[in-house]
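Just so you know, the protein sequences line up as chains A and B, in that order. First residue of the first sequence: -14, per the working numbering; consecutive thereafter. First residue of the second sequence: -14, per the working numbering; consecutive thereafter.
None of these hints come from the bench; they were simulated from the model. Where hints are given, some of them may not hold.
[Unchecked claim] Quick list of in silico lysine to aspartate or glutamate cross-link-like pairs, EDC-like style, CA-CA up to 20 Å:
| # | chain 1 | residue 1 | chain 2 | residue 2 |
| --- | --- | --- | --- | --- |
| 1 | B | Lys213 | B | Glu87 |
| 2 | A | Lys359 | A | Asp314 |
| 3 | B | Lys92 | A | Glu95 |
| 4 | A | Lys324 | B | Asp120 |
| 5 | A | Lys359 | A | Asp267 |
| 6 | A | Lys136 | A | Asp20 |
| 7 | B | Lys136 | A | Glu87 |
| 8 | A | Lys92 | B | Asp90 |
| 9 | A | Lys92 | B | Glu423 |
| 10 | B | Lys92 | A | Asp20 |
| 11 | B | Lys92 | A | Asp120 |
| 12 | B | Lys136 | A | Glu392 |
| 13 | A | Lys243 | A | Asp120 |
| 14 | B | Lys92 | A | Asp3 |
| 15 | A | Lys73 | B | Asp90 |
| 16 | A | Lys243 | A | Asp232 |
| 17 | B | Lys92 | A | Glu135 |
| 18 | A | Lys136 | B | Asp391 |
| 19 | A | Lys195 | A | Glu420 |
| 20 | A | Lys213 | A | Asp20 |
| 21 | B | Lys136 | A | Asp90 |
| 22 | B | Lys324 | A | Asp3 |
| 23 | B | Lys113 | A | Asp20 |
| 24 | A | Lys136 | B | Glu87 |
| 25 | B | Lys229 | B | Glu135 |
| 26 | A | Lys400 | A | Glu384 |
| 27 | B | Lys73 | B | Glu423 |
| 28 | B | Lys136 | A | Glu95 |
| 29 | A | Lys113 | B | Asp20 |
| 30 | B | Lys92 | A | Asp232 |
| 31 | B | Lys92 | A | Asp267 |
| 32 | A | Lys92 | B | Asp120 |
| 33 | A | Lys92 | B | Glu87 |
| 34 | A | Lys408 | A | Glu392 |
| 35 | B | Lys73 | A | Asp90 |
| 36 | A | Lys136 | B | Glu135 |
Number of protein chains: 2
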Amino acid sequence: MVKQAQKKEVSRIPRKSDDVSEWYTQVCLQAQLADYAPVRGCIVMRPYGYAIWSLIQAEFDRRFAATGHQNAYFPLLIPESLFMREAKHVEGFTPEVAWVTEGGDEKLSERLAIRPTSEVMFGMMYAKWIQSHRDLPVLINQWANVMRWEKSTRPFLRTLEFLWQEGHTAHATREEAAAEVQQMLGIYREVAEDVLGLPVISGRKSDNEKFAGAIATYAIEALMPDGKALQAGTSHELGQNFAKAYDITFTDADEQVKHVWTTSWGVSWRILGGLIMAHGDDNGLVLPPSVAPHQVVIVPILRKGGEEVLPAARRLRDDLSAVCRVHLDDRTEQSAPWKFNEWELRGVPLRIELGMRDIEAGTVMLARRDTLTKSPMRREDAVTQVPQLLAQLQTGLFEKARADRDERTSTASDKDAFVSQLKAQRGFVLAPWCERPECELAIKAETSAVTRVITGAAAPGETCAFCGLPAKVRAYFARSY
Amino acid sequence: MVKQAQKKEVSRIPRKSDDVSEWYTQVCLQAQLADYAPVRGCIVMRPYGYAIWSLIQAEFDRRFAATGHQNAYFPLLIPESLFMREAKHVEGFTPEVAWVTEGGDEKLSERLAIRPTSEVMFGMMYAKWIQSHRDLPVLINQWANVMRWEKSTRPFLRTLEFLWQEGHTAHATREEAAAEVQQMLGIYREVAEDVLGLPVISGRKSDNEKFAGAIATYAIEALMPDGKALQAGTSHELGQNFAKAYDITFTDADEQVKHVWTTSWGVSWRILGGLIMAHGDDNGLVLPPSVAPHQVVIVPILRKGGEEVLPAARRLRDDLSAVCRVHLDDRTEQSAPWKFNEWELRGVPLRIELGMRDIEAGTVMLARRDTLTKSPMRREDAVTQVPQLLAQLQTGLFEKARADRDERTSTASDKDAFVSQLKAQRGFVLAPWCERPECELAIKAETSAVTRVITGAAAPGETCAFCGLPAKVRAYFARSY
């Protein structure tokens, strides 16, 4: 029963430009964000990944609370008969449902679905809780695990079980529901761009691409380095579809009994996958400071005769802890260069190296993860300069990602240009479109791309870039995850 | 499709002393902590209940982090073949497992257990991650939903699905694992007593009552008003049982390959049930300030000619928000007395009433939830006095519960006293015990009570209070939830 000692040096990851898919997987594994679990299509989110996720959660939660939403927890299991009431929803989700059929020693008389999403359970409860217009709006969110029985999977981007938040709201009027949907889409956009540094396009989904049971779906979409789009958050106007299926009614001020208007909106740990994909480089993960568990890591250079180094590093840690999340790596078994590699792989925005020579010179050596550059900084300036540098990194990552996204976004107005650009798979193609589902299917058959979002109306006289019929809208097209 | 308007006045709950069981259910429902879901044995944790739970979580999380633990997330589903490796664990949990047998359109080739607890999945991953003594200890916690297929259920106290935290750690030596188990038991005790105001006894579980797969289980137990004990947290020494079943080994400093020593420890939302049960009164919930979503509610008395009242209430709210969690109830549709009842039912520790006469007198009226007394307070003293009062309430709830627990705890050294005290079902009975599993079963058959915890060794010469054989230990006995 001898167990081979695992190599503890930092392993090589492939170059991002050589094989972005394998690069992504290796970064997830080697930066200890996730690991494969011994159950098909499921992952373990390891502590470092979970710490990033917790910071992302906190950013969303703060904004949900500020807009009047409250968290709650609804059951995991949904009886099949309840699940089956909203026709489109059933059609869309049934192929992906995992079913519980046995409990303890008994065969259940009815199958229970593990929630793929919770419109059904929220609908059932809202029908019970909502009586009067005075009960509205109801604005509830939950953080939960959900399950969708997918064929192929990748850490965070597509897994059978995943963590997400799902907001479910009920309103007295269609206008209020529509405003809620736009408000939450705005929050998604804000967190994606300002917090995660992920530039996104946003807009309405085509009929083919909208949520099963929605009257309109809005989404934010980020562009990944392989030219594919990543749907990073969706916000749905459910109209009165679920209200009618689950009998959610209220007595309005005019004494009439009416169906409510509901919405739902969700972001999953997939957005963490988008973050890894967008900012990482050949050395591994690059984290935006706002969601970095360690914003700064201090690596003391411990050599003989350097007894002052560790105490000085501790003082620096203590000083910096007032202005940022700082970690002192005082492990003695690893060399300093080994630690440099490891913290680069794990994406820490700033590294401070501190040795005897630095102490004598009254400086520290500062390494930026984004530019991979090193320069000395006066020790006495650390507490003021580090927050400024973190802010610079935060903005810089977004600006770089946006420039890259813009550079890989093109427009097309005729079929040749449209098809060849989509086949080149460099990024988004913005084009006038007829909005016909069958046209979208034809585009998909020829190019593997579909609409990602519809951004607005076409100009008068414009024709569909693919089929040549009159264009109704302008839409972004791309292949997608 | 006319829907009957629900009565919006605060409904009656039974007196706690008349029917504690029905009182408990009605408090859970009417204080909007929970509601029954349309799936057997499952509840919805409503926003108010969830807010309390979030505050409890934060108290645990802070202490887990301070003792070096990190959060992570492990998969919900466990393949049957993996589940089946640790014999005692299988025997203990299999009767309570819900099984997934179908995914999408396919019948699965192997059943997947919904985790009733996650020793198995953590064990599998630890086997993969742990190589060397330098990797130890591994200290990971997760907040997750789990499922146990129970027959009868009650909100929070026993539900098919419940929320909990489960810590799983791996250590190089038995001593370190034992120290971890005691440390976590100490944290459970601290949160129960200092935060939730729940006095608990703690100690080791008997062989009959210990966790399936553990070599020793330690627990904290609170006494409920109906004389039953509530197991409110458990901490297990798993020895090398799971390490051997899941092959979790490490190369020690002496180059030998050894099995690790593991622990696990968990607290569920059941502890919230204990809190409701322990502190509540005939008017409803009574929350300890440390986990009250609103520590203070301000109810303005709005009458004609009182235009100054609402602005004054807002200023008071703004002032108090610096020192506590304060809520201004400025709803106009409900009367002030209705609001008083509602916030009493929902357990808010302090209520401040503010009307024109108070403003003119430079006072506010302060009502305490614990004593149900009202007295005026000078407005200018509010910001200093409210935190003091909250601290008083916090301590007072614990002292009261402890006095009650002590009053209902007795000792017995002979069979007549022992059996009659247990049959009276007033509370804990502390007695010398032989520690034989068959003796415990006989006690249970005669009195419905079992050991709750073993607190230490018996004195020399003491005999078992039930069977008369030489006593080995002293144990607390009671019926339990």
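* To do: For the pair supplied as a hint, lysine 213 (chain B) and glutamate 87 (chain B), confirm whether the alpha-carbon distance does not exceed 20 Å.
  => Judged against 20 Å, a Cα distance of about 41 Å means the pair is violated.
* Sort out whether aspartate 391 (chain B) lies within 20 Å of lysine 136 (chain A), counting only the CA atoms. => Roughly 59 Å separates the two Cα atoms, so the pair is violated.
* Asked: Within a Cα-Cα threshold of 20 Å, do lysine 92 (chain B) and aspartate 232 (chain A) meet the stated pairing?
  -> Judged against 20 Å, a Cα distance of about 33 Å means the pair is violated.
* **20 Å Cα cutoff - pair lysine 113 (chain A), aspartate 20 (chain B)** => holds (10 Å)
* Holds or violated: are the alpha carbons of lysine 92 (chain A) and glutamate 87 (chain B) at most 20 Å from each other? -> holds (13 Å)
* To do: Decide if the proposed pair is consistent with the structure: lysine 92 (chain B) and glutamate 135 (chain A), CA atoms, cutoff 20 Å inclusive.
  => Since the Cα atoms of lysine 92 (chain B) and glutamate 135 (chain A) sit roughly 14 Å apart, the hinted pair holds (cutoff 20 Å).
* To do: Please work out if lysine 195 (chain A) and glutamate 420 (chain A) have their alpha carbons no farther apart than 20 Å.
  => holds (13 Å)
* Asked: Does aspartate 267 (chain A) lie within 20 Å of lysine 359 (chain A) when you go C-alpha to C-alpha?
  -> Distance ~18 Å between lysine 359 (chain A) and aspartate 267 (chain A) Cα, so the pair holds.
* lysine 92 (chain B) paired with glutamate 95 (chain A) [C-alpha distance capped at 20 Å] -> holds (16 Å)
* Asked: Are the Cα atoms of lysine 92 (chain B) and aspartate 267 (chain A) separated by 20 Å or less?
  -> violated (42 Å)
* Could you grab the alpha-carbon distance between lysine 243 (chain A) and aspartate 232 (chain A) and see if it respects the 20 Å cut-off? => Holds, at roughly 10 Å.
* To do: Sort out whether glutamate 423 (chain B) lies within 20 Å of lysine 73 (chain B), counting only the CA atoms.
  => holds (19 Å)
When held up to the earlier numbered hints, the structure conflicts with 1, 9, 10, 11, 12, 14, 18, 20, 22, 25, 26, 30, 31, 32, 36 and fits the remainder.
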